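**Student:** Listed below, chain by chain, are the residues.
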Amino acid sequence: MNPALLHSVVQIADDHLILGHRMSEWCGHAPMLEEDLSMPNMALDMIGQARTLYTYAATIENQGRTEDDFAYLRNDREYLNCLLVERPNGDFAHTMLRQLYFAAYMHPFWEAMHKSTDNTLQALSFKAVKEIAYHIRHCGEWIVRLGDGTDESHERINNAVSALHPYTAELFEVDEQRLAGIELGIFPAQAQLRQVWDKTIDQIFHQAKIKVPRTDFNQSGGRKGLHTEDFGLLLSQLQYLQRAYPGSTW
Amino acid sequence: MVAKRSADINAARTIALSVPDPELPFLTLEDLGIVRNVSIDGDTIVAKLTPTYIGCPAVSVIEKDVFDALTKAGFNARVIRVDSPAWTTDWITDTGRQKLKDNGISPPETKSTSPLAAKNTIALFSQRTVACPHCDSTNTEKLSEFGSTPCKAQYRCLHCREPFDHFKCH
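These protein sequence lines map, in sequence, to chains A and B. In case it helps, the working numbering puts the first sequence at residues 1 to 250. In case it helps, the working numbering puts the second sequence at residues 251 to 420.
So here's chain A without its partners, still in its complex pose:
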């Protein structure tokens, strides 16, 4: 058992589960039918990847826990997702931007993972990178339409940028567990991912006629289990069934 690897895998799995859950909240509420299909589809990608990662975490831990135990039966402080993914959906601009920020990080991550020394994560990377490429395109195109659209859409995407940009630095944090994984060649160096992320965001924002803000104060804490107030409400919904009817299956 490699506790450092377990820690990092749970962080990544939690990012995907929580963002997938947020995305699924749009199901039935999207502004048009195509989006009502696309957002649950992205949610499915996220949750599918989370399942694979949780199953792997359970294997590493080897204590008899399953993917469901990780997803449904932990307390808030045990979830290690970054704060960005738990931010509420807000309006459509917020949701598209949150997904773009995350996808622009995960795409170079999974690409680099093709060379990972970890066989399970390497295998996952080949599937995940294709799925996440769709997310960048889909959300990126929306950012451009909104930024280069009407006065109102431009204002809304700018508001989303102001609200969410301070949460992006946490994506690139390196804790001691991650550092151990980087040194073993399991994970790529974060600085390398940052460069690609900056380039992707710069290009899309330029096309969308919005400015990349300079943030002097960045939000952080999720990776250590310190979450925002909204997270408790999210968990109460996510876990409701297993808490109210323990062990229920269907």
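The hints are simulated quantities; they were obtained by calculation from the structure and are not laboratory data. Nothing here was measured: the structure is a model prediction, and the numbers come from that model. A couple of the hints might just be wrong.
A partial selection of chain B residues facing chain A, derived with a Cβ cut-off under 10 Å [to be verified]:
{"id": "1", "residue": "Pro301"}
{"id": "2", "residue": "Gln348"}
{"id": "3", "residue": "Ile372"}
{"id": "4", "residue": "Ala373"}
{"id": "5", "residue": "Ser376"}
For each residue, glycine too, the CB sits at the ideal point set by N, CA and C.
Starting from the known structure of chain A, arrange chain B on it as the hints suggest.
**Tutor:** Frame of chain A, contents of chain B only:
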């Protein structure tokens, strides 16, 4: 029933390959190219399958369908998920492609015909040429990258005006 080597393996392989996909029931698992291997371990038939899309709800249904089909035929069966190498739409057989088209779904490009797909591009507003499965016109437009299942995108033919699904190249 105790499986008896080669004759049984062949029979079991035929059964596994002919299981229909739950979401595209006109396609068999052979058409999709997701059965990696059927072998025997003691008295148990072991079928190895590769999932198509990670989050596709059909994956666990397919695994159960294969298990049920083998069990019904009298085999002790075990189904194993193999993640690596990852499935790609290039593994869909020519028969599978034709069946997709016959059912109004434009088949995925192959890597050799689609530089865009091979590079797994993230370029925005990029256009790929997708032929209408009804009239073969390439004068088509994308409506959405996402469709009724994770494997499909939505297009519209500007020639015959029919909307259609496109099986995404993965």
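**Student:** Restraint: B/Pro301 near chain A, CB-CB cut 10 Å. Satisfied or not?
**Tutor:** holds (8 Å)
**Student:** Close enough to count: is the Cβ of B/Ala373 nearer than 10 Å to one in chain A?
**Tutor:** Interface hint status for B/Ala373: holds (8 Å vs cutoff 10 Å).
**Student:** A closest beta-carbon separation below 10 Å is what the hint needs, so does B/Ile372 meet it against chain A?
**Tutor:** With Cβ-Cβ at 4 Å, under 10 Å, it holds.
**Student:** Is the interface hint for B/Ser376 satisfied, with its Cβ closer than 10 Å to some Cβ of chain A?
**Tutor:** holds (7 Å)
**Student:** Grab the minimum C-beta distance from B/Gln348 to chain A and call the hint holds if it beats 10 Å, violated otherwise.
**Tutor:** violated (24 Å)
The structure is inconsistent with hint 2 alone, although it conforms to all the rest.
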